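Q: Please build the complex by placing chain B on the supplied structure of chain A, with the hints as guidance.
Listed here are the chains, written in short residue letters.
There are 2 protein chains.
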Amino acid sequence: MVIDFQLHAEDSTSAARAGVLRLPLKSGVGAEIQTPMFMPVGTVGTVKGLTPGDLRAIGTQILLGNTYHLYLRPGHERVERLGGLGKFMAWEGPILTDSGGFQVFSLSSLNRIEEKGVEFRSHLDGSKHFFSPELSMQIQRSLESDIVMAFDQCPALPSPREAIEKAVRRTQAWAERGLAVPLKPHQARFGIIQGGTDRELRTQSAKGLTALPFDGFAIGGLSVGEPPEVMHEMARFSAPLLPKDRPRYLMGVGRPEDLVEGVRAGIDLFDCVMPTRNARNGQLFTSRGKINIKNQRYQEDQGPVDPECSCETCRTYTRAYLRHLFVAGEYLSIRLNSIHNLAYYLKIMSDMRMAILEHRFDLWTKEFYAKQRGGLETSPD
Amino acid sequence: MVIDFQLHAEDSTSAARAGVLRLPLKSGVGAEIQTPMFMPVGTVGTVKGLTPGDLRAIGTQILLGNTYHLYLRPGHERVERLGGLGKFMAWEGPILTDSGGFQVFSLSSLNRIEEKGVEFRSHLDGSKHFFSPELSMQIQRSLESDIVMAFDQCPALPSPREAIEKAVRRTQAWAERGLAVPLKPHQARFGIIQGGTDRELRTQSAKGLTALPFDGFAIGGLSVGEPPEVMHEMARFSAPLLPKDRPRYLMGVGRPEDLVEGVRAGIDLFDCVMPTRNARNGQLFTSRGKINIKNQRYQEDQGPVDPECSCETCRTYTRAYLRHLFVAGEYLSIRLNSIHNLAYYLKIMSDMRMAILEHRFDLWTKEFYAKQRGGLETSPD
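From first to last, the protein sequence lines stand for chains A and B.
When we follow the working numbering, the leftmost residue of the first sequence carries the number 225, and every step to the right adds one.
When we follow the working numbering, the leftmost residue of the second sequence carries the number 225, and every step to the right adds one.
Hints in this document: simulated from the structure, not taken from any laboratory.
Some hints here could point you the wrong way.
Put simply, identical chains are the same to the list, so a pair is met inside one copy or across any two.
[What the hints assert, rightly or not] Straight line, CA to CA, 27 Å or less: simulated DSS-like cross-link-like pairs of lysine-lysine:
no.: 1; residue 1: K352; residue 2: K518
no.: 2; residue 1: K272; residue 2: K518
no.: 3; residue 1: K311; residue 2: K518
no.: 4; residue 1: K514; residue 2: K311
no.: 5; residue 1: K340; residue 2: K468
no.: 6; residue 1: K250; residue 2: K595
no.: 7; residue 1: K431; residue 2: K340
no.: 8; residue 1: K571; residue 2: K468
no.: 9; residue 1: K340; residue 2: K390
no.: 10; residue 1: K390; residue 2: K514
no.: 11; residue 1: K431; residue 2: K311
no.: 12; residue 1: K590; residue 2: K468
no.: 13; residue 1: K514; residue 2: K352
Fair warning: this is a prediction, and the values are worked out from it, not measured in the lab.
Pulled out of the complex, with its shape left as it was, chain A reads as follows (with noise of 0.2 Å):
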């Protein structure tokens, strides 16, 4: 195992459960990651618009990189020559990489999935690549991520369930293959479980990953077209599935509501564009509800987006002026906007453990809801 994950305490109401995970990272310093945790994604060697240095001062402890989109561009050869993901883009803590599975399935066009790995063409410039599991190993190797996703098959749901029926046992076999290539010493992998919403795949898929040595696991195959009510019910079945001793991750999840119900259902580890995305979109999250910063309604309002924050952007900036850079289409407003919203979903995750930690888990979700219904204002999606 190159990982060690403790355990700090479990909340009695749910399956919530605080920890500690600890990687040894290529320097051989380590780090600490608290549980349970968010990771910005940096697609292509940057969190859009932010330093490592804006990272680290909201309380970033991991962030994900994009395999698919890093292969492209720069390359992982090139990225490997420059001394591994965390020197090229500066960033000096752990990172977690995809393996590449989803987005060849869902950004790139023409894709053909064959037992041996798919075939898919370049969302940038249309060229035709091919990704096996033993590739996927290859270039995370290169990247020199700390976490490595195994190599699985994703389908959109709803899907048939013959077809979600193949995804599993396909993803079974390429975990197997991904195995047999050899990682570097400090990189950890994690296996994924698919299986769509039925619970007998599930069960199979989660049997059958969890055989074989994998430092953690993710629940893979959610949030990916089925209700959120949907999606926190397979999660609250698939956790248990999974062994209790190793971190959990539900992958590219999600709204504020469905971490909180991440927690509950078990889950350690959670990767979403949607703070950064929505950032670059004048949606901010606060911990009254949502809000759009191009509303009218903050053209001259001198609060900060969220009195709760304690992030550069709420410390420094009055909403008026972010519906400012916002409606000029200023580049800062990515930035402070980014900024927020990732520091809104660290803060949760860290009041959460906390709250896991003080043994008040669940009057902390009724507090959370209650404040989210009362929201500053009610926006669509």
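A: This is chain B only, laid out in the frame that chain A set:
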């Protein structure tokens, strides 16, 4: 007089001078500007992509704000209700606002100039507006900038002598009308001389303007189409026409070598969008000349942009990473490139100031040009 301007050293081989310009600021705290100084341009309430913290970190002592842009969006009355431009954008240092004159001629369409003022259409939505010298003062009063520029008429070059002569007469009349509009107690006023490249008209304009009670004087109407050598020559000719004991400002200038020639001509203040605009296009200024960061030769270059620079960008990131960000179209590229280019501009200003104070400015100038000529690559402007 609102300002206090002290000269601390004069170069014996040129008209260069080093001094300190003190401004009271609205807060009464006061601010010192070490001259010669370059002013980063914050067009619409932000230096594109940068925060006040970034600007302070690279040694910015005064910002320029654009009256035309801020009048259109978010509107000067709104800025005033929000506490003035400095408070609005969270910049605590001094701000100089231009008069909007240059922009209504260059940016807007269908402008019609008459004695009363200028009718123009907004570059944003085509709406019709009218700027007079009086309104320009009122707008700048609402913006609460620390240095207010007179509303002038700036013809492009080349223009017929009659057009330049007319602009000189009008600029004089408009300056006088502007002086009749009261400002806030902390606001200093600068007059602007015109006259194109005509020595007689420059002399006439300087004589007329310097008879008026301005705190400082700007040389306008240059860097608007004439060759750089002509611009330098006109700066050398015009600077001595302005009182020695007041700050001199060469508007809209320029390239690093133009700053050097301007300082040699006896100029104290400069502004230009070049460092930030070129940063967005991937052109970076260095002690060894310009480089285009998109150039393939940098794709695995692990050195900093400029080994002699100590800005955040050069301290933290490689050329390879900056090239990747530019090629991938990432927002962070704009930010990191802008930080470096502005840091470079501010560094050559402070280097020139030290060289003047230490009576070695002639040697410094020779070394500056020698290093620039032995540049890293030759790239077109």
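Q: Hints first: check each against the structure and report whether it holds.
A: Here is what the structure says about each hint:
1. In this assembly of identical chains, K352 and K518 lie within 27 Å of each other by CA distance solely across copies; the values are 25 Å between and 40 Å within a copy.
2. In this assembly of identical chains, K272 and K518 lie within 27 Å of each other by CA distance both inside one copy and across copies; the values are 20 Å within and 19 Å between.
3. For a Cα distance limit of 27 Å, the shortest separation of K311 from K518 across copies, 20 Å, qualifies, whereas the shortest one inside one copy, 37 Å, does not.
4. Taking the closest pair of Cα atoms, K514 and K311 come within 27 Å of each other only across two copies (26 Å); inside a single copy the shortest separation is 35 Å, beyond that limit.
5. Taking CA atoms no more than 27 Å apart as the test, K340 paired with K468 passes in neither setting, with 32 Å inside one copy and 79 Å between copies.
6. For the identical chains of this complex, K250 and K595 are neighbours neither inside a copy (42 Å) nor across copies (40 Å), given an alpha-carbon limit of 27 Å.
7. Taking the shortest alpha-carbon separations for K431 and K340, only the intra-copy value of 23 Å comes in at or below 27 Å, while the best inter-copy value is 83 Å.
8. Taking the shortest Cα distances, K571 and K468 sit within 27 Å of each other inside one copy (25 Å), while across copies they are farther apart (57 Å).
9. In this homomeric assembly, K340 and K390 come within 27 Å of each other (Cα to Cα) only inside a single copy, at 14 Å, whereas the closest approach across copies is 78 Å.
10. Taking the shortest alpha-carbon separations for K390 and K514, neither the intra-copy value of 39 Å nor the inter-copy value of 56 Å comes in at or below 27 Å.
11. In this homomeric assembly, K431 and K311 never come within 27 Å of each other (Cα to Cα): the closest approach is 37 Å inside a single copy and 60 Å across copies.
12. In this assembly of identical chains, the alpha carbons of K590 and K468 lie at most 27 Å apart only when taken from the same copy (26 Å versus 70 Å across copies).
13. In this assembly of identical chains, the alpha carbons of K514 and K352 never lie at most 27 Å apart, being 41 Å within a copy and 37 Å across copies at closest.
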